[in-house]
Amino acid sequence: GAGVSQTPSNKVTEKGKYVELRCDPISGHTALYWYRQSLGQGPEFLIYFQGTGAADDSGLPNDRFFAVRPEGSVSTLKIQRTERGDSAVYLCASSNRADTQYFGPGTRLTVL
Amino acid sequence: QKEVEQNSGPLSVPEGAIASLNCTYSDRGSQSFFWYRQYSGKSPELIMSIYSNGDKEDGRFTAQLNKASQYVSLLIRDSQPSDSATYLCALYNAGNMLTFGGGTRLMVKP
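Just so you know, the protein sequences line up as chains Z and R, in that order. In this text, residue positions in the first sequence follow this note's numbering: the first is 71, and each later residue adds one. In this text, residue positions in the second sequence follow this note's numbering: the first is 5, and each later residue adds one.
No wet-lab data here; the hints were simulated from the structure. Keep in mind that a hint or two might mislead.
Anything over 10 Å on all C-beta distances counts as not near chain Z; from chain R, calculated [said to hold, decoys possible]:
| # | residue |
| --- | --- |
| 1 | Leu15 |
| 2 | Gly20 |
| 3 | Ile22 |
| 4 | Ser24 |
| 5 | Ser30 |
| 6 | Gly33 |
| 7 | Lys46 |
| 8 | Pro48 |
| 9 | Glu49 |
| 10 | Gly58 |
| 11 | Tyr75 |
| 12 | Thr103 |
Cβ-to-Cβ under 7 Å is the rule here; a few derived chain Z residues that face chain R [claimed, not checked]:
| # | residue |
| --- | --- |
| 13 | Gln111 |
| 14 | Gly112 |
| 15 | Phe115 |
| 16 | Tyr118 |
| 17 | Gly123 |
| 18 | Asp126 |
| 19 | Leu161 |
| 20 | Asp169 |
| 21 | Phe173 |
| 22 | Pro175 |
| 23 | Gly176 |
Simulated restraints on C-beta separations [claimed, not checked]:
| # | chain 1 | residue 1 | chain 2 | residue 2 | range |
| --- | --- | --- | --- | --- | --- |
| 24 | R | Glu49 | Z | Gly142 | 23 to 33 Å |
| 25 | Z | Asn132 | R | Pro14 | 30 to 40 Å |
| 26 | Z | Ser79 | R | Glu19 | 26 to 36 Å |
| 27 | Z | Asp126 | R | Asn11 | 25 to 35 Å |
| 28 | Z | Gln111 | R | Ser16 | 15 to 25 Å |
| 29 | R | Leu50 | Z | Gln120 | 13 to 23 Å |
| 30 | R | Ala21 | Z | Thr122 | 44 to 54 Å |
| 31 | Z | Asn132 | R | Ser24 | 32 to 42 Å |
| 32 | R | Arg32 | Z | Thr100 | 20 to 30 Å |
Note that CB positions come from ideal geometry on N, CA and C, so glycine has one too.
Make the full structure from the sequences, and use the hints.
If you want it as structure tokens, here you go:
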């Protein structure tokens, strides 16, 4: 079956701009996660959704970051006033068993 | 101290040898442990999970867990050049998230 999909695969933006990153989870998976991976590092947790609600957003670095999942399927990660330090690969994962998570291909964000 | 520690490598092994990848963790409450493989420029791919002390084998892969010593390892038998990748150790606890180590880069030389 289809895996987790993410769009766009690459996003280049200028400092101060707003970006949206989209994640389409595996069909039927109720749990959805966003992680951020910097070069040479492991993924770092950002936010977790169970259904439509954000069950844990403790990993969001600051209030410029926000994510939604209005219908309990597709999720959008939104970053306002982007900074060069936001450059990373943003990974989405979904799960129907909380500890077993399947990752999408990621969105590589570059902030110039 | 990081929650999950891995030697960054690179770990270089000849084709056909056993590759041994190690990971230590600090949270004694962790219940579930995972190994992900990540090829350069790609996303992490789940290859093994382990929940109980001891060994778990799946094909050429064996995961080992020792909760008392707080380490988990991955053995890859008959290593192939296609196994060359970064291997990420991750744990899951009640925090509803995976916590990853920094990964170990494995190079299998023909």
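- Task: Measuring Cβ to Cβ, find out whether Ile22/R lies farther than 10 Å from everything in chain Z.
- Result: Holds, because the least Cβ-Cβ distance between Ile22/R and chain Z comes to about 24 Å, which exceeds 10 Å.
- Message: Please check whether Phe115/Z passes as an interface residue: C-beta within 7 Å of a C-beta belonging to chain R.
- Response: 4 Å, holds
- Message: Quick check on the hint: Gly123/Z CB to chain R CB, less than 7 Å?
- Response: Result: violated, 12 Å to nearest chain R Cβ.
- Minimum Cβ distance from Phe173/Z to chain R below 7 Å? 4 Å, holds
- Task: Hint says 23 to 33 Å; check whether the CB-CB distance for Glu49/R and Gly142/Z agrees.
- Result: 26 Å, holds
- Per-residue hint verdict: Asp126/Z, partner chain R, C-beta under 7 Å: 5 Å, holds
- Item | Supplied distance hint 20 to 30 Å, evaluated on CB atoms of Arg32/R and Thr100/Z | Cβ of Arg32/R to Cβ of Thr100/Z: about 29 Å, so the range 20 to 30 Å holds.
- Between Ser79/Z and Glu19/R, does the beta-carbon spacing fit 26 to 36 Å? The hint (26 to 36 Å, Cβ to Cβ) holds, given that Ser79/Z and Glu19/R are roughly 32 Å apart.
- Item | Supplied contact hint for Asp169/Z, tested at 7 Å Cβ to chain R | 4 Å, holds
- Item | Range agreement (Cβ of Thr122/Z with Cβ of Ala21/R, hint 44 to 54 Å) | 49 Å, holds
- Task: Just tell me: holds or violated, for the beta carbon distance of Asp126/Z and Asn11/R against 25 to 35 Å?
- Result: 30 Å, holds
- Far enough from chain Z: is every CB of that chain over 10 Å from the CB of Pro48/R? Non-interface label fails for Pro48/R: nearest chain Z Cβ at 5 Å, not farther than 10 Å.
Going through the hint list in order, the structure does not satisfy hints 7, 8, 9, 12 and 17.
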